[in-house]
Amino acid sequence: MIKGKVHKYGDNVNTDEIIPARYLNTTDHEELGAHCMEDIDAEFVNKVRPGDIIVAGLNFGCGSSREHAPIAIKAAGVSCVIAKTFARIFYRNSINIGLPILECPEAVDGINAGDEIEVDLDTGRITNLTTGRSFQAKPFPPFMQQLITAGGLINYAREVTGNR
Amino acid sequence: MGQTITQKILAAHCGRAEVEPGELINAKIDLALGNDITAPIAIEEFEKIGAADVFDRTKIALVPDHSTPNKDIKSAQLVKRMREFARKHDIVNFFEIGQMGIEHTLIPDKGLVAPGDLVIGADSHTCTYGAVGAFSSGVGSTDLAAAMALGEVWLKVPEAIKFVYFGKLQKWVSGKDLILHTIGRIGVDGALYSTMEFAGETIRELPIAGRFTMCNMAIEAGGKNGIMEPDEKTLEYVKQRAMRPCRVYESDPDAVYKEVIEIDCRELDPQVSFPHLPENAKPISQVGEIRIDQAVIGSCTNGRIEDLREAASVLRGRKVHRDVRLIIIPGTQEIYLQAVREGLAEDFVRAGAAFSTPTCGPCLGGHMGVLADGERAVATTNRNFVGRMGHVKSEVYLSNPAVAAASAVLGRIASPEELE
Ligand code: SF4
Chain A
1099 MIKGKVHKYG DNVNTDEIIP ARYLNTTDHE ELGAHCMEDI DAEFVNKVRP GDIIVAGLNF
1159 GCGSSREHAP IAIKAAGVSC VIAKTFARIF YRNSINIGLP ILECPEAVDG INAGDEIEVD
1219 LDTGRITNLT TGRSFQAKPF PPFMQQLITA GGLINYAREV TGNR
Chain B
80 MGQTITQKIL AAHCGRAEVE PGELINAKID LALGNDITAP IAIEEFEKIG AADVFDRTKI
140 ALVPDHSTPN KDIKSAQLVK RMREFARKHD IVNFFEIGQM GIEHTLIPDK GLVAPGDLVI
200 GADSHTCTYG AVGAFSSGVG STDLAAAMAL GEVWLKVPEA IKFVYFGKLQ KWVSGKDLIL
260 HTIGRIGVDG ALYSTMEFAG ETIRELPIAG RFTMCNMAIE AGGKNGIMEP DEKTLEYVKQ
320 RAMRPCRVYE SDPDAVYKEV IEIDCRELDP QVSFPHLPEN AKPISQVGEI RIDQAVIGSC
380 TNGRIEDLRE AASVLRGRKV HRDVRLIIIP GTQEIYLQAV REGLAEDFVR AGAAFSTPTC
440 GPCLGGHMGV LADGERAVAT TNRNFVGRMG HVKSEVYLSN PAVAAASAVL GRIASPEELE
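Just so you know, the protein sequences line up as chains A and B, in that order. Take 1099 as the starting number for the first sequence in our numbering and just add one per residue. Take 80 as the starting number for the second sequence in our numbering and just add one per residue.
Looking at chain A on its own, in the form it has when it is part of the complex:
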């Protein structure tokens, strides 16, 4: 169970906003986390507390394939991202590195910045503790569940190569 305060953004938040290209000369997770969301919300890194949740509109994470984007979000302490839809490479990157993400348009409309929410990743249940409303996100297809259970793609690949 995940619990945290909400930071809310609109549609089409892109990877250049999540982590600008000027910081792509490093792979250091902490350093990437320190610049997370800098070009869309310069205050974000000062406001965010471990466990907080990002809620956003359509097509979150569009743009480049940089895995630095979900890495920066995870390293900034964010526990989960809920959006109406995700851009496809961001979606697979998040699953591959183990950043929980959920698609749930109703929840996005029913949650405001600053709300306290609770997310049950097993069931996809999202509860807004501030308003008392709750929402049901789409569950992961079985293969992705398998990847998540394995602890991401690297662990999965380790199992496969180990078995060979």
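Hints should not be assumed to be uniformly reliable.
Once the Cα atoms are required to be at most 25 Å apart in a straight line, the calculated DMTMM-like pairs of lysine to aspartate or glutamate come out as [what the hints assert, rightly or not]:
1. 235/B to 338/B
2. 472/B to 1137/A
3. 150/B to 1128/A
Here are the simulated distance ranges between beta carbons [as the list claims (entries may be wrong)]:
4. 175/B to 1218/A: 47 to 57 Å
5. 497/B to 1244/A: 51 to 61 Å
6. 339/B to 1218/A: 32 to 42 Å
7. 1241/A to 436/B: 41 to 51 Å
8. 1108/A to 152/B: 32 to 42 Å
9. 335/B to 1218/A: 35 to 45 Å
10. 1241/A to 365/B: 29 to 39 Å
11. 1234/A to 99/B: 18 to 28 Å
12. 1108/A to 153/B: 27 to 37 Å
13. 1244/A to 162/B: 29 to 39 Å
Covered by chain A, per the in silico footprint, the following chain B stretches (three or more residues, Cβ under 8 Å) [to be verified]:
14. 114-120
15. 125-131
16. 142-153
17. 198-211
18. 220-228
19. 435-445
20. 463-476
Because the hints were derived from the structure by calculation, they are not lab data. Remember, it's a predicted structure, so these values are computed and weren't measured experimentally. Think of the CB as a built atom: it goes at the ideal place given N, C-alpha and C, for glycine as much as any other residue.
Use these hints to put chain B with the ligand onto chain A, whose structure you have.
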């Protein structure tokens, strides 16, 4: 039920006769690609897997193109890590400075993709290679790491949208204008998770360069891949480059599409996409008076020899406006050499442009033309997001090479027609 070209390629790579949209498959890959930004993370992850070696040293391409020639010490460290990995695993397709080009221009020109291939790359514009009838899609660094170890990738079979273009293009209208107009119509998430299949008589008339430009920007509409059925032009292009047999797939007449969109190209003007999304496309006639500080011609979208010829035809005998910096970047060393041979390089320098060695450079605001606070650029690149070319308060307008060249001369976004 009929299958699309994309379904057929995916099925062939997971040993099946057919696949259906929505299915998750593990597919064998013909090529896995990484660059100096994404490969270092992939290499770290690859090492965590603990595989003794890569699955096939001939089927991996590593291209240091984003921050090279190394723009700072940190970038130099990243490229060094990549180079060491390439040497250790004897990666055949590692392209050093001097051989290097922008990955999506270099890879097909080197013959590393052929019709029917399945290619993944840790770079979102990997979708470019659909122009030769391959399935190619951008993934992340962890995907690249697993692919380098296993030779496989997990994929969800996408639904497809078919775009049918008809009518003859007007003089200064090219593949770039077709794709900007298309994204303007469907929006930056208009093809989310889907295949964009480009078809119709206009596409058959389009040169290979313009086809690459179109498939390159499928990701700007959220697409998983852009693809075109191979024809004589494709086979002619591939024949001179790829030294191996290929498989030509075509969509069945009864293939299923989520949507079919017809686009009349007869009256289409050159397009300009306004900040800060590629979907903000307008015909050049509606742009109005927009002064610029910089113009960039290059990138994986428009850095091919055809693009440089188009720019040179506008610039020849003219001067870049005194308030504008014009930066021209060929996609590969071969293109650079060709531009020198044809005298284009001289046209550029005489016009007052900077003519650079291949690099992504300003396209992602890395180096070689970063914008300051409040500055405006017209660029033949593919993204105009907030801060993409530099300062968060700078602006990027996307266009084709002829419009960028004419704008550089006139100091404001303008049609080449104004110079005729
Ligand atoms: S030219 Fe631009 S879009 Fe193309 S690969 Fe380089 S940074 Fe990416």
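Which hints from the list above does the structure break, by number from lowest to highest? Hint 10 alone not satisfied by this model.
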